[in-house]
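Q: Take these sequences, add in the hints, and give me the full structure.
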Amino acid sequence: MRSADHRPGFPDRDVVTAQAGVVARSETFESPFYVYQVPEAILRFRQGFGRLIRSQADRGVVAVFDKRILTKQYGSLFIESLPQCTLKRGHLADLPRAAAQWLGM
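Each residue of the sequence shown is one higher than the last, beginning at 1 in this note's numbering.
Incorrect hints may appear among the rest.
[What the hints assert, rightly or not] Beta-carbon label-pair distances, calculated as ranges:
#, residue 1, residue 2, range
1, Arg54, Gln101, 16 to 24 angstroms
2, Ala98, Gln47, 19 to 27 angstroms
3, Met105, Leu82, 34 to 42 angstroms
4, Arg59, Glu30, 20 to 28 angstroms
5, Leu103, Leu82, 13 to 21 angstroms
It should be emphasised that the hints constitute simulated quantities derived from the structure, not laboratory data. On a predicted model such as this, the values are computed, not experimentally measured, just so you know. C-beta atoms are modelled at their ideal positions from N, C-alpha and C, and glycine is treated no differently.
A: The structure is reproduced here in C-alpha cells:
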C-alpha cells in the first residue's frame, strides 16, 4: 500500500524506510541472515502454523512446499520450532490420499 503523499517518480517512503531498516540490521549484525532474517521467518512460520492448529485437540494438515526446509542448513530450525506433531515427507501426488487418511476421511 502506498503512502498518501506518494508521488510518481519518487520512492515510496514506506519502502525506503523498510530498506533502511534492512541496511541498518545488516550493518549491526555480523551475519544478518542468520541473526535476524531466519529467526523472523521462523516466527512467522510458527504463527502461521498456530493459526491453523490451535491446540493439541485440533487435527489438520499443514503442507510445506518449499524445499529449502529440507535442503538448507537453516531448514531444520523451522521444523524444530514447531510444537510436537506428526511429520511426514512425501511426494505431492500422494498428498491428497495421505491427508484424507490422516484426517480419517
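Q: Each hint needs a verdict: does it hold in this structure or not?
A: So, going through the hints one by one against the coordinates:
1. Judged by the Cβ atoms, the range 16 to 24 angstroms given for Arg54 and Gln101 holds: they are separated by roughly 22 angstroms.
2. A hinted range of 19 to 27 angstroms for the beta carbons of Ala98 and Gln47 is consistent with their spacing of about 25 angstroms.
3. A C-beta distance of roughly 23 angstroms is found between Met105 and Leu82, which places it outside the suggested range of 34 to 42 angstroms.
4. Between Arg59 and Glu30, the C-beta spacing of about 42 angstroms breaks the proposed range 20 to 28 angstroms.
5. Between Leu103 and Leu82 the CB atoms are about 18 angstroms apart, so this pair conforms to the stated range of 13 to 21 angstroms.
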